[in-house]
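**Student:** Here is what each chain is made of, one letter per residue.
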Amino acid sequence: MLKKLMLPLLVLVLTIPMIAGCGDSGAIKIGLEGPMTGDYAYEGQGFEKAVSMLVEQTNEAGGLLGREIELIVEDDAGDPTQAALVAQRLVDAGVVAVIGAYNSTATEPASEIYNDAGILHVTPSSTATRLTEKGFERFFRVCFLDDRQGLFAATFADEVLGVQNLGILHDNSTYAQGLAEHTRRYAEEAGINVAFYDAINPDDQDFTPILTNIGGAGLDAIYFTGYHAQGGLLLKQAKELGLDLTWMMGNASNNPELVQIAGLENAVGTYITTEPLPKDVDYPEARKFVSDFEAEYGEPPASVWWMMSAEAFNVIRYAIEQTDSTDSEVLADFLHNEAKDINGITGPILGWDEKGDRLGTIHLAYIIDENGDFVVYPEQP
Amino acid sequence: MQFIQQLINGITIGAFYSLVALGYTMVYGVLKLINFAHGDLFMWGAYLGLTGLNVAVALLSGPSAWALIPVIIVVMLTVALAGVLVERVAYRPLRSAGRLAPVISALGVAFILQSLARNIYGASWKTYPPGFTVSGGVTLTAGVRVSTMQIIVLVISFLLMGGLYLFVQRTRIGTAMRAVSLDHDVSRLMGIDVNRIIAIVFLIGPGLGGVAGMIVGLYYGSFDFTLGWVFGLKAFIAAILGGIGNIPGAMLGGMILGITETLGAGYLSPQWKDVMAYLILIVILIFRPNGLLGERVAEKV
Chain A
1 MLKKLMLPLL
11 VLVLTIPMIA
21 GCGDSGAIKI
31 GLEGPMTGDY
41 AYEGQGFEKA
51 VSMLVEQTNE
61 AGGLLGREIE
71 LIVEDDAGDP
81 TQAALVAQRL
91 VDAGVVAVIG
101 AYNSTATEPA
111 SEIYNDAGIL
121 HVTPSSTATR
131 LTEKGFERFF
141 RVCFLDDRQG
151 LFAATFADEV
161 LGVQNLGILH
171 DNSTYAQGLA
181 EHTRRYAEEA
191 GINVAFYDAI
201 NPDDQDFTPI
211 LTNIGGAGLD
221 AIYFTGYHAQ
231 GGLLLKQAKE
241 LGLDLTWMMG
251 NASNNPELVQ
261 IAGLENAVGT
271 YITTEPLPKD
281 VDYPEARKFV
291 SDFEAEYGEP
301 PASVWWMMSA
311 EAFNVIRYAI
321 EQTDSTDSEV
331 LADFLHNEAK
341 DINGITGPIL
351 GWDEKGDRLG
361 TIHLAYIIDE
371 NGDFVVYPEQ
381 P
Chain B
1001 MQFIQQLING
1011 ITIGAFYSLV
1021 ALGYTMVYGV
1031 LKLINFAHGD
1041 LFMWGAYLGL
1051 TGLNVAVALL
1061 SGPSAWALIP
1071 VIIVVMLTVA
1081 LAGVLVERVA
1091 YRPLRSAGRL
1101 APVISALGVA
1111 FILQSLARNI
1121 YGASWKTYPP
1131 GFTVSGGVTL
1141 TAGVRVSTMQ
1151 IIVLVISFLL
1161 MGGLYLFVQR
1171 TRIGTAMRAV
1181 SLDHDVSRLM
1191 GIDVNRIIAI
1201 VFLIGPGLGG
1211 VAGMIVGLYY
1221 GSFDFTLGWV
1231 FGLKAFIAAI
1241 LGGIGNIPGA
1251 MLGGMILGIT
1261 ETLGAGYLSP
1271 QWKDVMAYLI
1281 LIVILIFRPN
1291 GLLGERVAEK
1301 V
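Chains as they are written, first to last, in this note's numbering: chain A, 1 to 381; chain B, 1001 to 1301.
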């Protein structure tokens, strides 16, 4: 008698949790992986502020597909080993999708684990090219690769400044050299003559030898892709040599210290190509996000990557809404093939290519004004 | 015309190398010790100058060129005393310990000085307060320009180097220094207080280095804590090139290194300038192992 009852009982016991798990009543779990401690804690904590605010807003408005969203935050400290550990924890917790990580070094091992588990993974800020070279079908970025900045810089030089002879100078770091090469390629495609292409040694203090050459090369503009300390010295020493050059610099020079090192009078009029500062992202969705953020935390979002993390959540929410599904395969398929022209927090999202890289660009050109402030240049390509 | 401009650039860089190289060469002359801490004493000159000028700006509520003189003197004295202290603590106890131990001790002092600067002032780039440098310059012909700061740097450097040369050649203490550089024991027998002479060398060398550090700070406007390592290494090589232990040699070596580096960077690429400069160094050392002016030391010995 007891034996006859055992089987249906067992079936019943085993199915209850399954029904509960599949039912529409449970919360939709979304993971956020980022550096809450360590060197990049500033960015990771900004991620948490931005995303948890949006989760709260969504839940107050009735949730997603009639279900609550539960945000699970894990700290990878920016460290690849820790990233693999917390990625596994998020998978075990049964998340539908993951936002993260901040730095490419941490995103890489985590992306392997999410890929094996078949979970939708959106990184707000990891720009290393190789991340999307692995054929992971459920991995996406809302940030842009460095080659987008190269395209932007070349287009800006061509269309806005009307440059015919462009010089490009990098500092032999992987990042700066990459940006310089992308810019050269796009500039040549646009019909600009790249009349000067060379690198400085960032350990040097004196750049007058190469500046003397640059001065004699007949350039309309010179684009420096390295970091702000050398950028400042270049501006200062060029003026001391009596050179009258039009300087463009990449986003590694997007730092107020550039003006200090160069001296205000030498820095004025320098163009900077960069992702926009949060205050300058001029879209209704961006303005709403910034003002909500200020109301919630008493200060505007400090970093563009915080906006990118909000964007990552936004994209996941949009995909779930549009497909009426929480199945990662359906969501990834939607993002690859159907998602187009979404009103993003960081600007219109044109869509994603087959690798998962975001199409288009949001870069802006800034100019250093006579107060030493970085202001958006009125003319953009 | 570009060639003349590059020569001017090279001489300016060379002047800095020469000033720092003097410190290496003087210490080597009397102790046969390569004082690796010298580059970092030089770097401390730049940091102390920064603090001094910031204090001056705060006290006088604005930059004033007159503040430069007391600040330079204070920096020179402080770095000079630090040099004497380094000698007393890290080198003198090891003087009879062979040649390797003092060199390692010197490297240790270099790392300590560098870490101290990083921990006290932070790892970010530091900027001198504006208003202490003279802008402007002279355009000689089209494409050839000397800035006022370059002229000031060159004048100060040559005055310091010339003064030091006369001091060593013409004064009693200078004569004693040259005697000590030949033989400690015989000098002592002749009634020279060798320890006192060595202390004076450690007063003058780092003192000049400290001034050089502050001039670098004024000239370039900004620097970080690795300044001493980069300049120190180049200046050390300049000292060897000119013949270590020889004061005019340090000046010559600094100039040659500065000019070849600049021409390498200007006519090849900054990526190749070190290859150029050190290729020339190797060639010179193959033909003159004691450096360009090194033979005079050999003659004396």
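Note that these hints are calculated values from the structure, not bench results. Virtual Cβ for every residue (Gly too), placed ideally from N, Cα, C. Among the hints, erroneous ones may be present.
Pairs of lysine to aspartate or glutamate residues, derived as EDC-like cross-links and limited to a Cα-Cα distance of at most 20 Å, are as follows [stated by the list, open to error]: (1) B:Lys1126 x A:Glu265; (2) B:Lys1126 x A:Glu257; (3) B:Lys1126 x A:Asp357.
Residues of chain B clear of chain A, computed beta-carbon distances all greater than 12 Å [said to hold, decoys possible]: (4) Trp1066; (5) Gly1098; (6) Val1103; (7) Ser1124; (8) Leu1159; (9) Gly1163; (10) Ser1222; (11) Leu1268; (12) Asn1290.
**Student:** Is it the case that B:Gly1098 keeps its Cβ farther than 12 Å from each residue Cβ in chain A?
**Tutor:** The assertion about B:Gly1098 holds, with a minimum of 33 Å to chain A.
**Student:** Taking the shortest Cβ-to-Cβ distance between B:Val1103 and chain A, state whether it exceeds 12 Å.
**Tutor:** 23 Å, holds
**Student:** The output says B:Leu1268 does not contact chain A. Does that hold with a beta carbon cutoff of 12 Å?
**Tutor:** 10 Å, violated
**Student:** Keeping to a limit of 20 Å between CA atoms, is the pair of B:Lys1126 and A:Glu265 held or broken?
**Tutor:** Holds - the C-alpha atoms of A:Glu265 and B:Lys1126 are around 18 Å apart, at most 20 Å.
**Student:** Compute the least Cβ-Cβ separation between B:Ser1124 and chain A, then decide whether it is above 12 Å.
**Tutor:** The claim is violated: B:Ser1124 sits with its nearest Cβ about 7 Å from chain A, within 12 Å.
**Student:** Find the nearest Cβ of chain A to the Cβ of B:Trp1066 and say whether that gap is larger than 12 Å.
**Tutor:** B:Trp1066 clear of chain A: closest Cβ-Cβ about 22 Å, beyond 12 Å.
**Student:** Are B:Lys1126 and A:Asp357 close enough, with their CA atoms no more than 20 Å apart?
**Tutor:** 39 Å, violated
**Student:** For the pair supplied as a hint, B:Lys1126 and A:Glu257, confirm whether the alpha-carbon distance does not exceed 20 Å.
**Tutor:** 9 Å, holds
**Student:** For B:Leu1159, is the shortest beta carbon distance to chain A beyond 12 Å?
**Tutor:** 21 Å, holds
**Student:** Should the label of B:Gly1163 as a non-interface residue stand, given a Cβ cut-off of 12 Å to chain A?
**Tutor:** 25 Å, holds
**Student:** Non-interface claim for B:Asn1290: all C-beta distances to chain A beyond 12 Å?
**Tutor:** 29 Å, holds
**Student:** Hey, does B:Ser1222 actually stay past 12 Å from chain A on C-beta?
**Tutor:** 4 Å, violated
Violated hints for the displayed structure, listed by number in ascending order: 3, 7, 10, 11.
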